[in-house]
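Kindly produce the complete structure, drawing on both the sequences and the hints.
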Amino acid sequence: MEQEMVLKNENSLSSSLKQMLLKLTPSIKKDGIIKSLKNTGITLLSILLFIGLWQMGSKALYNKEANYRVEKALQEQGEAAAVAERACIESGDSSCQPNTLPSPSQVWASLQSLIADHQVIRADKAAFAEKMAVTNEKMISQGKDPIVYTGRASFVDIVLTSIKTVFAGFLLAMFIAVPIGIVIGLSPSLRSAFNWFIQIFKPVSPVVWYLLVFMIVKTLYIGDSSDNAFVISFISVGLCAMWATLVNTAMGVASVDKDYINVAKVLKLGTFQKVFKVILPSSLPLIFTGLRITLSVAWMVLIAIELLAQSQGLGLFVWEEFQNGANDSNSKIIVAMFVIGIIGFLLDRLMLAVQNMVSFNKNEMA
Amino acid sequence: MAYLELNNIYKTYGEGDGSTEVLSNINLTMDEGEFVAIVGFTGSGKTTLVNLINGLLQPTSGEVLFKGVPVTDTSHERGVIFQNYSLLPWLTVGQNIYMAVKEAFPKENKKALMEIVKNYVGMVNLTPAINKRPKELSGGMRQRVAVARALAMNPEMIIMDEPLGALDALTRGNLQDEILNIWSQDKRTALLITNDVDEGIYMADRIIPLKPGPNATLGPEFKIDIERPRDKTAMNDNPEYKKTRNSIIEYLMDIGDERKTVSDVEYKLPELTPKSFVA
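From first to last, the protein sequence lines stand for chains C and A.
If you read the first sequence in full-length UniProt numbering, its first letter stands for residue 1, the second for the next number, and so on.
If you read the second sequence in full-length UniProt numbering, its first letter stands for residue 1, the second for the next number, and so on.
Incorrect hints may appear among the rest.
[Unchecked claim] Straight-line distance between alpha carbons at most 20 Å, and here's what the computed EDC-like set of lysine to aspartate or glutamate pairs gives:
#, chain 1, residue 1, chain 2, residue 2
1, C, K265, A, E103
2, C, K268, A, E108
3, A, K135, C, D257
Honestly, the hints are just simulated from the structure, not real lab data.
Fair warning: this is a prediction, and the values are worked out from it, not measured in the lab.
Rendered as structure tokens:
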């Protein structure tokens, strides 16, 4: 009871404070609301404009291809065929639809069909698990591997595989690049020893990294029938993306403020203490900038590498849809494009948040 | 045997033709418990001299003897207060000092160390700010942290490199008193590097001007025979103070003029006529 009273008091206090502040700063508050409304408005407007332009563009492309088909039928098979072709296109029959840039509504429909498909597959999986539950228990008790669902992967599974691959690659990049970066940052002679290596391998394309990793992992996995596409793709992603972190870490460690080094010397810190208490904290902002670049590079090269490695992720999804050439393939590719973009954006935000959390000079960061 | 001895110190930066001799023929002896101020222009090699004494730098020739032993490295016996505070920005006030104390007294347990930290933070009146980071503090507060950090290690000698240079006059005065207070409590040896003659006279037993570099060398020393504790306002009317101050400033002005006349570079000025905006 008493506690409640206190709480109430606090509430009324804070609300009266708020009112006072509101009275003091009505114009600022109002301005702030107007400004944020204006910003959201502009964003919404630009999105609408983008969708409108897209709609118009896809419409124009659609018409161009439809006209071409009718024209072709007219020239090759005569008037009757042309009329039939026109009617077929207008009826929306899937056998004769122009195959071009899909319209926004088609993409939206594809997104929904992908989600529906995911639900179907999930139900399938659940049913399968239920059916096999007893058998699997037996198999496990006999020391055998349980039977797992090996059906088609849904779109959500595919996205999850991609995210898993990118994080595995990112962690690999971090565990390789940060320690090496620290070591070569600390020693100028090692730095010059490693420099040619970094300069030569940094610009190598993701495709070539994939091939290199493939050569090695294939041999390591020889005689092993298990799927190594995931291993190959995450190692390739990691190797491709680690350079930004490596260079930034080395630079951060090498360029620690002389004053801090002097402090370490005057306090007579040991080497270990000096590295972990002075050099590393002071280079953390640069290391995290590197890691942020690494994550975005990893996400970017992932698509190409998954495609090559036949790993069940977004890259392979896009490629298979393209090869598939079904009616809704193009719109599925566009769905994948947006998903890739949005996840990339979210990953970058995530890294930015982590970076702001660990760095001591927040004001300089923003 | 003198407490601190600098014998024929030369310090050169760079090699061959590109080398500059920053310090030439520096000789200085200090006794235990003495407070010596070295006054000099900016860029005259003061910081180099400090770093030679605290062990961050080695002289090109000559030797620095601390209690008769050549200085080859930094030591906890000589605490340093840096010109630009040099606090670690990712640590709080308490952590900055704790880090130093932990190195100075490796055998003490954490509780005892924290006690020392709290003591010294309290001594520089920063107890309310113990959990703040340097960024949240004013310049004067940061310098007080630096003072506390140096003193918490309980050094026998304090070396101060323009510790108050970046502060406003009021904060400066307060900190001067705080440093003097701490110094007089257990009579540590202190070396103050400064560009402010008044600060030197107020705080030190002896003032030695540093002739501006390159080839900076120490000038004749000026003894300050004003009884401690000194009172700033009363000192202004002290004839001894006036005399010393005038002679030091005169000396510094003279070497400043000398430096000017030595330079024979003629600067060609552009021909400019101010434009008239009134028609």
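(request) Please write out, lowest number first, the hints stated earlier that are contradicted by the structure. (result) none
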